[in-house]
Amino acid sequence: MKIAILGYGRMGKEIEKIAISRGHEVLIKKDVDALIDITSVDVAIEFSVPDAAFNNISNCIKNNVPVISGTTGWLDKYEDAVSLCKKE
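Counting from 1338, one number per residue, gives the positions in the sequence shown under the working numbering.
Please note that the accuracy of each hint is not assured.
What the hints assert, rightly or not - Straight-line Cα separation of at most 25 Å, SDA-like style, residue types lysine to any residue; simulated pairs:
#1 K1339 x D1368
#2 K1423 x S1395
#3 K1339 x L1364
#4 K1399 x A1371
#5 K1423 x I1373
#6 K1399 x D1388
#7 K1423 x K1354
#8 K1399 x I1375
#9 K1414 x N1400
#10 K1366 x A1389
#11 K1354 x V1402
#12 K1424 x V1404
#13 K1423 x D1413
Unchecked claim - Quick list of simulated restraints, FRET-style, between CB atoms:
#14 K1424 x V1380: 33 to 43 Å
#15 G1360 x K1414: 14 to 24 Å
#16 V1369 x N1400: 29 to 39 Å
Source of the hints: derived by calculation from the structure; they are not laboratory data. Ideal Cβ placement from N, Cα and C applies to all residues, glycine included.
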């Protein structure tokens, strides 16, 4: 599986180690809040910071990339994410 890690701090680095040990490819490692081309991956794992999480999740949704987020503190934007999912 081709993976994007959105948030490359301690947890992102641990996720990378586990993914590689299981035979997956980590194509994207992003540790800044910038819009990137995410279309080359099969899935994104989002472990960034609250201020970047919604943008990362939105980018994935808009590009049909399944995303899982472990970031806390961004739920003030949760309903916006739900609306975007329904729209897309």
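Hinted pair K1423 and I1373, Cα distance within 25 Å: 22 Å, holds
Run the distance test for K1423 versus K1354: straight-line Cα separation, threshold 25 Å. 33 Å, violated
Is the hinted pair K1339 and L1364 satisfied, with a Cα-Cα distance of at most 25 Å? 6 Å, holds
Cβ separation of V1369 and N1400, checked against the hinted range 29 to 39 Å: 18 Å, violated
When you check the alpha-carbon spacing of K1399 and I1375, does it fall within 25 Å? 10 Å, holds
With a cut-off of 25 Å on the C-alpha distance, tell me whether K1339 and D1368 pass. Holds - the C-alpha atoms of D1368 and K1339 are around 18 Å apart, at most 25 Å.
33 to 43 Å as the expected CB spacing between V1380 and K1424, which holds or is violated: 21 Å, violated
Restraint status (C-alpha distance of K1366 to A1389 at most 25 Å): 14 Å, holds
Taking only the CA atoms, is the gap from K1414 to N1400 under or equal to 25 Å? 19 Å, holds
Within 25 Å, alpha carbon to alpha carbon, are K1399 and D1388? 18 Å, holds
Decide if the proposed pair is consistent with the structure: K1354 and V1402, CA atoms, cutoff 25 Å inclusive. Satisfied, since the Cα-Cα distance of roughly 21 Å is no more than 25 Å.
Hinted pair, alpha-carbon criterion (25 Å max): K1423, D1413. Please report holds or violated. Between K1423 and D1413 the Cα gap is close to 18 Å, so the pair holds against 25 Å.
In the structure shown, a violation is registered for the earlier hints numbered 7, 14, 15 and 16, in ascending order.
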